[in-house]
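One line per chain: the protein sequences are A and B, in this order. If you're matching positions, the first sequence starts at 200 in my numbering and goes up one per residue. If you're matching positions, the second sequence starts at 175 in my numbering and goes up one per residue.
Read the hints as simulated data drawn from the structure, not as lab findings. Treat each hint with caution, since some may be false.
If you want the ones that stay clear, here's a sample from chain A, every Cβ over 10 angstroms from chain B, calculated [unchecked claim]:
| no. | residue |
| --- | --- |
| 1 | 233 |
| 2 | 271 |
| 3 | 275 |
| 4 | 281 |
| 5 | 286 |
| 6 | 301 |
| 7 | 326 |
| 8 | 479 |
| 9 | 486 |
| 10 | 535 |
| 11 | 551 |
| 12 | 566 |
| 13 | 585 |
| 14 | 616 |
| 15 | 689 |
Which stretches of chain A does chain B cover? Using the computed rule of at least three CB atoms under 8 angstroms from a CB of chain B, they are [as the list claims (entries may be wrong)]:
| no. | segment |
| --- | --- |
| 16 | 390 to 401 |
| 17 | 525 to 531 |
Derived CB-CB ranges, DEER-like [as the list claims (entries may be wrong)]:
| no. | chain 1 | residue 1 | chain 2 | residue 2 | range |
| --- | --- | --- | --- | --- | --- |
| 18 | A | 322 | B | 309 | 54 to 64 angstroms |
| 19 | B | 432 | A | 323 | 54 to 64 angstroms |
| 20 | A | 393 | B | 483 | 52 to 62 angstroms |
For every residue, glycine included, the Cβ atom is placed at its ideal position computed from N, Cα and C.
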Amino acid sequence: MLQDTLTSRMKPAIALEGISKSFPGVKALSDVSLSLYPGSVTALVGENGAGKSTLVKILTGIYQPDEGTICVADKEVHFPTALAAARAGVTAIHQETVLFDELSVAENIFLGHAPRNRFGLIDWKKLNADARALLARAGADLDPTIRLRDLGIARKHLVAIARALSIDAQVVIMDEPTAALSHKEIHELYALVERLKAEGKAILFISHKFDEIFRIADRYTVFRDGTMVDEGLIADVSQDELVRLMVGRAVGSVYPKKDVAIGEPVLTVSGYRHPTEFEDINFELRRGEILGFYGLVGAGRSEFMQSLIGVTRPSAGAVRLDGEILVIRSPSEAIRAGIVYVPEERGRQGAIIGLPIFQNVTLPSLSRTSRSGFLKLANEFAIAREYTSRLDLRAASLDQDVGTLSGGNQQKVVIAKWLATRPKVIILDEPTKGIDIGSKAAVHAFMSELAAEGLSVIMVSSEIPEIMGMSDRVIVMREGRIAGRFERADLTAEKLVRAAAGIQEAA
Amino acid sequence: MANILKNRELLLVAAIAVLLVLITWRFPAFVAPSNLARVYNDTSILIILALGQMAVILTRCIDLSMAANLALSGMMAAMLNAAYPGLPIPLIILAAVMLGTLLGMINGALVWKLDIPPIVVTLGTLTIYRGLIFLLSDGKWINAHQMSDAFKALPRDELAGFPVLSWLSLVMIGLVFLVMSRTALGRAFYAVGGNPHAAVYTGIDVGRTRFFAYCLSGALAGLSGYLWVSRYAVAYVDIALGFELDIIAACVIGGISIAGGIGTVAGAVLGALFLGVIKNALPVINISPFAQMAISGMVIIIAVAVNARAERRKGRVILRKAEAV
């Protein structure tokens, strides 16, 4: 309580009032307020899609709010550009730092505001000396003249901090700074946060990891579906309460999940491991089942799936399909065996822009559409028509370039492409990420139908409602391992979040 | 009109037509059918080469070694003919195509297995292939009198009023069109260049597809080697020196995107024809060779600018009514 009265008397370093931001079709933030105080760490928690990233982008001048005000030291400010935000003393440190690998540490720190000598040229002596001093303040024992590429991610964070100090930043936003760090590096980062606090900086700390939130944060703010649902002192809240605030809503009713008789095991994965990405992956997938894979971003789910279909090779492990041992060395072997993967990044890994819709659909099934080595266009159109109409694709013509379709319809083309291979197992990685609500519902309905027809579905998703609404069973991954298995009947959002974040069951 | 502007090939046909009208104004005899057939014949080798380069560029690669491959294959064909004048010409052509394919396979294998950037690989092999010609020929020329009459006559022989050279290029256009539009390999060229990551997930081996593209460009370069040497009745180290740039220019003018994945056989052919018309027309209307080079260069830049406009992202389709169009 003592600290609460302290901060309430203190002036916030930055205060956001009534911030709203909409994108076409989505309200990302609605009437959000947030104050950050000097010498205090505020943890921002919320599920994926709660609006955290949008808020960071507004704070750093990348997005402009539709409504609301931002005040720095009691004066209203506008951040039309990222530079304006930096000038006002707001700086952000991202998961993967945004620095220049080929420049030296000192150049990175002073890029854009390097000290000049009297001829207007860069004063290298002063540059390096100043950089050394700033690095010392950040607690980093680094030679400012070495190239940034020779540093690990944790050290790069330190350089980013030194850069923040060099522009005299008063507000430091840390967006999942520990996501890519090793155990030891994380502790170095904690020490750094303590030092920044001691210097009187206001810190916004975004993290999914509850242990670190409770270790370093003084205050918390919870976002849910674009609104701020609660805030207060960390000392006054328990982990359980935070989890409940994050997920607190009813789910399941809007999902078109059909009750399907689950059949015999189709796919059995045992002892799958990779030197750096995952280990001990064992599970069974049954006929007609939708198996959800939940976890935080970077938990190793996509990496495992890519290794399962032969994009990368595991170091050990066995796969059985319908009881037969299967060796998959390339995606084409996986496709032939009947396992297909619909990747997460539609743009990078999904549709081939420049090819018409029908050619996108038939690309993995060309052997089926050709006769004596030559493709039969009529067959191709027939296949494309069959699968795109099942997915309710909206397009003027199947001859149309896929690039002219909306995101949702592109996703349908990609899914149609995989269904046309007549798979036994279909792996959908974040199948509804970034598509509109109508297309989402269509994809969900279709997924249900596929399972009802006897296909086995693996759905990788980071959205709790989707996982809870669609899965028969859920496997939660954390840091490359399976951290929990749940049946649909005893699935709760709290259990999922706990398993994914590694919170012990409350005694 | 808006449709013509959207269609690269029609735009190019229109540009060639405008060019012909301008030339006719200064030199009416240029558009006589017999002269146009001569211009086509003169452009045939460039067309064949552009077809191969197109396949490579579609996969996001480039083949700088095509002209050197042509010169090496041509020299080998000429030496074979000089040493064994009795050897049937089809056998010599086959040998040239096979050597060209082998040289293409070397490019493809380096790009595929060692993962070296294609521009570096083919810049290296360009120099190596030229060097090999010197080693093979000892720097000597193979002149017309050393070649058999049959060797020199084939491209010039007429079939239904047109030279065999013209017919051969038409056959190649047909064959490459068939590969591009009716085989899984042709589709793979587009997929690999359009979105290599997606191609991997679709079960397409990106490296192998590129390898085959280089095989195709190599085979066509080998064929062109024989055609070039027999047509001009001479073989030496420096034939077709710098011609790789004309080949790439033809592709670029024809709307084949250097970024890969976009381009058609018709585009490559029209691009080559456009260059062919310029090269044949400018001398007859008394424009100096230096101005010719400047004009060719300007044409390339204009073509790239037009294509870049066409390829510029059209923005997202958000409105439902816009989606149906």
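Hints, verified against the model:
1. 233: Non-interface label on residue 233(A) holds, nearest chain B Cβ at 30 angstroms vs cutoff 10 angstroms.
2. 271: At roughly 34 angstroms from the nearest Cβ of chain B, residue 271(A) sits farther out than 10 angstroms, so the non-interface label holds.
3. 275: 32 angstroms, holds
4. 281: 22 angstroms, holds
5. 286: 31 angstroms, holds
6. 301: At roughly 18 angstroms from the nearest Cβ of chain B, residue 301(A) sits farther out than 10 angstroms, so the non-interface label holds.
7. 326: Given that every Cβ of chain B is farther than 10 angstroms from that of residue 326(A), nearest at about 35 angstroms, it holds.
8. 479: Residue 479(A) is indeed farther than 10 angstroms from all Cβ atoms of chain B, at 26 angstroms.
9. 486: Holds, since 24 angstroms exceeds 10 angstroms.
10. 535: 8 angstroms, violated
11. 551: It is violated; residue 551(A) is separated from chain B by about 4 angstroms at its closest Cβ, not greater than 10 angstroms.
12. 566: 7 angstroms, violated
13. 585: Answer for residue 585(A): holds, closest chain B Cβ roughly 19 angstroms.
14. 616: Contrary to the label, residue 616(A) does not stay out of reach of chain B, its closest Cβ about 7 angstroms off (not over 10 angstroms).
15. 689: At roughly 35 angstroms from the nearest Cβ of chain B, residue 689(A) sits farther out than 10 angstroms, so the non-interface label holds.
16. 390 to 401: violated (count 0)
17. 525 to 531: holds (count 3)
18. 322(A) - 309(B): 54 to 64 angstroms: 57 angstroms, holds
19. 432(B) - 323(A): 54 to 64 angstroms: 39 angstroms, violated
20. 393(A) - 483(B): 52 to 62 angstroms: Distance hint for residue 393(A), residue 483(B) holds at roughly 55 angstroms.
In this structure, the earlier hints numbered 10, 11, 12, 14, 16 and 19 are contradicted, and the remaining ones agree with it.
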